[in-house]
Amino acid sequence: MASSLTLLDPTYSFPHSWKHHVFPSFHGEDVRKNFLSHILKEFRSKGIDLFIDNDIERKRSWGQTVISLFYEVDPTDVKKQTGKFGKVFKKNCKGKTKGDIKIWKQALVEVAKIARYRSRNWFTDAEMIKDIATDVSYKLNHSAPSSDFDGLVGIESQMTKIGSLLQLDSDEVRKIGILGPPGIGKTSIARSLYNQHSQDFQLNVFIDNIKRKYVIPTCSDDYSVKLYLQKQFMSLLTNETDIKIPHLGIVKDRLKDRKVVVVLDDVDRSVQVEAMANKTCWFGHGSRIIVTTQDRRVLKASGINHIHKRHWTEALPKLKTHIDRDGEIASILKFSYDALNDEDKHLFLHIACFFNGEQADIVEGCLAKCFLDVTQGLRVLAEKSLISMESRAIQMAELLVQLGRKIVLKQSVSDLGKRQFLNGAVDIGEVLSDDKADCSSVIGIDLKEEEDISCTSERSFERLTNLQFLRISGNGINTQSLNYISQKLRVLVWSEFQMPTFPSSFNPKFLVKLEMQFSDLEKLWDEIRPFNNLKWMDLSDSDSLEELPDLSTATNLQELDLKLDLGDCSSLAEIPSSIGNAVNLKTFLIFNCSSLLEIPSTIATITNLKSLRLSGCSSLLELPFNIETVTNPMCIDLRCCSSLMKLPSSIGNAIYLQKLDLSHCSSLVKLPSSIGNILSLEELKLSYCSSLVELPSSMKNLGRLSNLKLEKCLKLEILLANINLESLGYLNLSDCSLLKSYPKNIQELDPWTGRISSLQRLVLSGMKKLLNQKPLGISTKFKACIICADGNENGIADGDENGITDLVQTVYCSITSEGNALTACHKRAGQVVKGHLYIFEVEVETEEMTSTELVFEFLVGYWHIYEERINSKTWEIKECGVLQLQEVPLLSIRVVNEDNEPSYTEIGDKPWNPSKTEKRQEKKSKITGASSGI
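Adding 6 to a residue's 1-based position in the sequence shown gives its number in our numbering.
What the hints contain is simulated information worked out from the structure, not anything from laboratory work. All residues carry an ideal CB built from backbone N, CA and C; glycine is no exception. Misleading hints may appear alongside valid ones.
With beta-carbon atoms standing in for the labels, derived distance ranges [as the list claims (entries may be wrong)]:
1) GLY841 to ALA388: 24 to 34 angstroms
2) ARG398 to GLU457: 23 to 33 angstroms
3) ARG710 to ALA388: 47 to 57 angstroms
4) THR166 to CYS287: 46 to 56 angstroms
5) ALA399 to GLN493: 22 to 32 angstroms
Calculated lysine-lysine pairs in the DSS-like style (CA-CA distance at most 25 angstroms, straight line) [unchecked claim]:
6) LYS85 to LYS104
7) LYS706 to LYS718
8) LYS237 to LYS250
9) LYS111 to LYS86
10) LYS592 to LYS375
11) LYS93 to LYS108
12) LYS219 to LYS258
13) LYS111 to LYS85
14) LYS833 to LYS884
15) LYS494 to LYS375
16) LYS285 to LYS262
17) LYS494 to LYS454
Using the sequences and the accompanying hints, generate a full structural model.
Printed below as a string of structure tokens:
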């Protein structure tokens, strides 16, 4: 007879609460009393509930898995209705309709296809029943929905990323690393992967919490440690508790032909991987080794290159509250902290309580005298995933910051003055208001700007004799308290400081960073003060500042920021000549100092200067300094220096100058011919230099110049006779209304065989005199392009959940001449992506045209299929351009500039993949702008 076992799919939602796991379907009372009773007993011993009935209607909509058992019958007889089974079948078909018989036959064919168990494959029913029960139990266990991530959001995307690293279809042996901070979910991800795929391997093992479970004695030699770890590994993998490991070759000998999956969780030393899964040749084809760790050095030493890195920014939202609720993650984080040496623990606390978010260079400079090797300490914390240092900015996750501050809090719960750091307005206000407490342990105070405290005592800081790091706001603090500030101060950040000068008792001898933004300072102090350790000074937005201090002793100054954005710094008229002593100065920022007349010539002695920004200094007449001694790649920003009439000829000696911005220098008449000597110059911006008449011929020598902006140079009449700028990629001549001609190699727009082989963008908005030169042909074809800025990326789509199917996202282009519509086209855009370049072609008949101007208008929106119109505008167009393809003269094209580099995609269903020749031709001939109408 044929019977079937139907496994209930646990992932399906039923209208009832089912308490059974397996539904058998059978025929015959003898089966119920004999065979079925035995299998029922075996199933119940494994915790499997069996529902017994012989009249079960199985529906596909239930989502059940059917496993057929052919008991003393051959599947072929069932499929073809032959033998004894066929005779019984024909007997049952009597009196039935042809339709019913057809359905039965189809069902028997399907049953035969899914034949899994055949009683003839076992010697006894007892063996068969035991094996079937074991197999059904296994299937139920692995079909049950996983609860590994109940309540955790976003884990699926992480699993997908790691799945691409695993490449389970490949026969190669792969070692995968999961790297990230403690408590972020590395173990959960690894365990879920293991649960999903372990049954596909011959052997499998998940060794969790290796760091804690297998503590390595410090006195043990390397070989003994590896033997010990290898024994533990093989014992767990093979379930042999008394396994003997006489040498380190056992793993390879036993596993080289076996497909295994191994998870080594929370590894903190490379020797652990070396002992248990050192080389891929130890394992059989298709094996997978997964290692989770917070230490990148472990993966590097173990040769693991396939790494999935978990960031705190990607962490599951639920983690944010766990640290205070159940303490589980806090315990994991604390264990990682405890594993650090004392030096690194102190550095961890400094970052958590004061330096989080700072640039690594600043942290290294401010703590150089406090630690043996700050750079190495930061590297250790980063390798252990306790901080990140992307773009050299130190970032510590909020949970780790909380951990660090809780550790400091426990230094003294009741006596706040015995803690190293004070964070939060309540604790800071209590300490500063207590005139009697001993606060000698406090080395750092960090008060957020949005927090207010009230402290009127002039002696607030007197008892903080060891204070080294102070970040505070002027609101609520008695500024006279600075008279009693610690002489050991290394960092002073005091926004909205409300005194005109520092008190005479203030000694900046050890000061490394001074930041006094939005202060009322008129000057810092009168006499010369020791500035030997000062590296960063920021006095930005201090509107009342009249003069800078003597910087004769500031030999280590790296950044001087006098950024005055409010534009009313009318009192600052000069920079002291002592600025030349700041030989290590790298960045010099002075914005909108409207009364500044000159820059001292001593600036030429600052050989390490990389950035000089003087934009908005509207009274600056000239630059009388020679910067030829600068030996670093340099940028000079002179935007909006409206009184600047010329540059010194010595600027040609600045052989390392890379960027020069003279935009909006409205009094600038000409450039010195020596500018052609700056062979390193890559970017020259002269936009809105409304008095500029011509460019020096020497500019043709600027072989590295890639960006030249001349927009709105209203008096510019002559461009270079011939441009030999082999690197020029962007040239903007928009609205140079008096320009009479331009080089021949630019005039020949088609086929663009001139010497500007790298030119990608030429902006000619408002240049009708240059473009209207020849009549049009009968028909003209153009290639048009657009770049979208902002819009609705998740707008209405075809056949969306609302059933809207008559709207298609479209790029629409219409062409008019003198207000008369010539043609229009629309191209289906699919999903529009911000910043992407979409390209399409359009053809227009121009034989009957009397005007020499065409107007192109672009829209991106939803095209109504039936009404044939744009239904709604969904995207703003950031940039657009038109290129004439036919060998006829180009029309007047209205465009405005934008110099972001886009990617390429053809409007339609497939990407545009031009040949190398086409790419080169396209780069030469793009004309682009930034308007929704051209």
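Hints, verified against the model:
{"no.": "1", "hint": "GLY841 to ALA388: 24 to 34 angstroms", "in the structure": "holds (31 angstroms)"}
{"no.": "2", "hint": "ARG398 to GLU457: 23 to 33 angstroms", "in the structure": "holds (28 angstroms)"}
{"no.": "3", "hint": "ARG710 to ALA388: 47 to 57 angstroms", "in the structure": "violated (36 angstroms)"}
{"no.": "4", "hint": "THR166 to CYS287: 46 to 56 angstroms", "in the structure": "violated (30 angstroms)"}
{"no.": "5", "hint": "ALA399 to GLN493: 22 to 32 angstroms", "in the structure": "holds (31 angstroms)"}
{"no.": "6", "hint": "LYS85 to LYS104", "in the structure": "holds (18 angstroms)"}
{"no.": "7", "hint": "LYS706 to LYS718", "in the structure": "holds (21 angstroms)"}
{"no.": "8", "hint": "LYS237 to LYS250", "in the structure": "holds (7 angstroms)"}
{"no.": "9", "hint": "LYS111 to LYS86", "in the structure": "holds (8 angstroms)"}
{"no.": "10", "hint": "LYS592 to LYS375", "in the structure": "holds (22 angstroms)"}
{"no.": "11", "hint": "LYS93 to LYS108", "in the structure": "holds (16 angstroms)"}
{"no.": "12", "hint": "LYS219 to LYS258", "in the structure": "holds (24 angstroms)"}
{"no.": "13", "hint": "LYS111 to LYS85", "in the structure": "holds (8 angstroms)"}
{"no.": "14", "hint": "LYS833 to LYS884", "in the structure": "holds (18 angstroms)"}
{"no.": "15", "hint": "LYS494 to LYS375", "in the structure": "holds (11 angstroms)"}
{"no.": "16", "hint": "LYS285 to LYS262", "in the structure": "holds (11 angstroms)"}
{"no.": "17", "hint": "LYS494 to LYS454", "in the structure": "holds (22 angstroms)"}
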